[in-house]
Amino acid sequence: MAAEQQLDATSYIQHHLTFLAHPVIESGGFWTIHRDTIVTSLVLGFLTLGFLWLVTRRATSGVPSKTQAFVELSVEFVNDQVRSLFHHDYRFVAPLALTVFVWVLFMNAMDFLPVDIVAWIFQNVFHQEEWRSVPTADVNTTFALSLSVFGLMIFYSIKNKGLGGWLHELLATPFGLKPTWLSPLLVLFNLLFNLIEYLSKPLSHSLRLYGNMYAGEIIFLLIGLWAATGVVGAAFSSVLNLGWAIFHILIVVLQAYIFMMLTVVYISMAYESH
Amino acid sequence: MNINLTMLMQAVAFGVFIWFCARFIWPPLMRAIETRQKQIADGLAAGEEGRQNLSKAENRIAQMMVDAKSRASEIIAQGEKLKGETVEQARNEAKTEAERILASAKAEMEQEIHRARDALRGQVAELAIAGAAKILKREVDPKAHADLLAEIEKQL
Chain A
268 MAAEQQLDAT SYIQHHLTFL AHPVIESGGF WTIHRDTIVT SLVLGFLTLG FLWLVTRRAT
328 SGVPSKTQAF VELSVEFVND QVRSLFHHDY RFVAPLALTV FVWVLFMNAM DFLPVDIVAW
388 IFQNVFHQEE WRSVPTADVN TTFALSLSVF GLMIFYSIKN KGLGGWLHEL LATPFGLKPT
448 WLSPLLVLFN LLFNLIEYLS KPLSHSLRLY GNMYAGEIIF LLIGLWAATG VVGAAFSSVL
508 NLGWAIFHIL IVVLQAYIFM MLTVVYISMA YESH
Chain B
6 MNINLTMLMQ AVAFGVFIWF CARFIWPPLM RAIETRQKQI ADGLAAGEEG RQNLSKAENR
66 IAQMMVDAKS RASEIIAQGE KLKGETVEQA RNEAKTEAER ILASAKAEME QEIHRARDAL
126 RGQVAELAIA GAAKILKREV DPKAHADLLA EIEKQL
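Protein chains in written order, with this note's numbering: chain A, 268 to 541; chain B, 6 to 161.
Just so you know, the hints here were simulated from the structure itself, not pulled from any lab data. None of these values were measured; they are calculated from a predicted model. Please note: incorrect hints may appear among the correct ones.
[What the hints assert, rightly or not] Think about it this way: if two alpha-carbon atoms lie no more than 20 Å apart in a straight line, the pair counts; the simulated EDC-like pairs of lysine to aspartate or glutamate are:
| id | chain 1 | residue 1 | chain 2 | residue 2 |
| --- | --- | --- | --- | --- |
| 1 | B | Lys43 | A | Asp347 |
| 2 | A | Lys333 | B | Asp123 |
| 3 | B | Lys43 | A | Glu343 |
| 4 | B | Lys139 | B | Glu158 |
| 5 | B | Lys86 | B | Glu104 |
| 6 | B | Lys43 | A | Glu339 |
| 7 | A | Lys428 | A | Glu396 |
| 8 | B | Lys88 | B | Asp72 |
[As the list claims (entries may be wrong)] Which residues of chain A face chain B? A few of them, derived with a C-beta cut under 8 Å, are:
| id | residue |
| --- | --- |
| 9 | Ser294 |
| 10 | Leu309 |
| 11 | Glu343 |
| 12 | Phe344 |
| 13 | Gln348 |
| 14 | Ser351 |
| 15 | Trp370 |
| 16 | Asp405 |
| 17 | Ala411 |
| 18 | Ser415 |
| 19 | Phe417 |
| 20 | Ile421 |
| 21 | Ser450 |
| 22 | Thr496 |
| 23 | Gly497 |
Using N, Cα and C, we set each Cβ at its ideal position, and we do this for glycine too.
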């Protein structure tokens, strides 16, 4: 916590929920980057995928090492999930699912790092006032993922049905175009219906993850706040912090899993026509 | 909730990570897994085949044992029979051989007797002629009386 700030509950929480924002152009606004989010997610991405890559390079089809067996177990898990949901060419979708799962899992897992220790390290070692270590508690990350998936969904829809087929589906389903005298109205309703469906997918996809991670972070902060009230509070909050962290393991894995499954489901839906 | 440039950068990073995973991680790993699965399946199939071969071989061995046993007893029986036959044959041969030797000995004896008799007969004839010559006091011309002499010799 910044020493010059008045330490109260509001400033504590606000401080912990402020990104290390860095405007690229003078006025900022949209042209701002959250350095903490970018750095953490990139480091995690490189670490996890680099680890997988190292294991893959030494992968043998003979007796696997324990590390390779573990990696294969994870990959097989993702592969099984994809195959159970997706019945088309999964040469792209399966690695996509693996990337999403591993990356999101580790970004979520950053929530386990004790908030105040991380803040202290960044304040005193790296001299950064603000640092948020959970990239998935940043809407930019979750929307980046969900909009990418959304883009892939549209791409595969058009690729499979053709532009005409996709537009037809957009305008003629789910209510159809009959009777003819009603068709202008039906087209309007169909389009509205599909737009809502299309909008709701990336929104729910990203906000579900964001909300869970953000809420988890806030609860850690509230528990941390209690620790500032004295010895008893510190004792209680330690226990609570441990309890919430253990429960949070479930949320972290579950949310990563859900995010991966929804990714696969959305792309799989792009292959199916109504 | 402020969307900014971070989102675009994250999307780019996401794309790069997907590409990396799909290009360098997934295919070799799946290849290794699938190769191993095939190896294990092959191994299991080979094991199963080996087991079947073993039981087949065991059956064949048992059959061969039965065959060999019956064949051995057959050979023994044949040997017994052959032995009997051989002994019998040898006995017969010995008998005939003995008879043959006996017969030839007899024949030789007969011949010997014959020869002795002939010699004796010649001598008797000579004696007779000598006797007759003495009686007649003159030489009997063996040439002139050859037929007579032969007749006498025959009668002896």
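Here is what the structure says about each hint:
1. B/Lys43 / A/Asp347: holds, 17 Å
2. A/Lys333 / B/Asp123: Given that 20 Å is the threshold and the Cα spacing comes to 123 Å, the pair is violated.
3. B/Lys43 / A/Glu343: holds, 15 Å
4. B/Lys139 / B/Glu158: holds, 19 Å
5. B/Lys86 / B/Glu104: violated, 27 Å
6. B/Lys43 / A/Glu339: holds, 15 Å
7. A/Lys428 / A/Glu396: violated, 51 Å
8. B/Lys88 / B/Asp72: Violated: B/Lys88 and B/Asp72 sit about 24 Å apart, past 20 Å.
9. Ser294: violated, 12 Å
10. Leu309: With a minimum Cβ separation of about 6 Å from chain B (threshold 8 Å), the hint on A/Leu309 holds.
11. Glu343: holds, 7 Å
12. Phe344: violated, 12 Å
13. Gln348: Violated, because the Cβ-Cβ distance from A/Gln348 to chain B comes to roughly 14 Å (cut-off 8 Å).
14. Ser351: Cβ of A/Ser351 sits 16 Å from chain B, so the hint is violated.
15. Trp370: With a closest approach of 6 Å, the A/Trp370 hint holds.
16. Asp405: A/Asp405 check passes; min Cβ-Cβ to chain B is 7 Å, inside 8 Å.
17. Ala411: holds, 3 Å
18. Ser415: Hint holds; A/Ser415 Cβ to chain B Cβ min 5 Å, cut 8 Å.
19. Phe417: The hint is violated - A/Phe417 has no Cβ within 8 Å of chain B, the shortest such distance being about 11 Å.
20. Ile421: A/Ile421 check fails; min Cβ-Cβ to chain B is 14 Å, beyond 8 Å.
21. Ser450: violated, 38 Å
22. Thr496: violated, 30 Å
23. Gly497: violated, 35 Å
Hints 2, 5, 7, 8, 9, 12, 13, 14, 19, 20, 21, 22 and 23, counting from the list given before, are not met by this structure.
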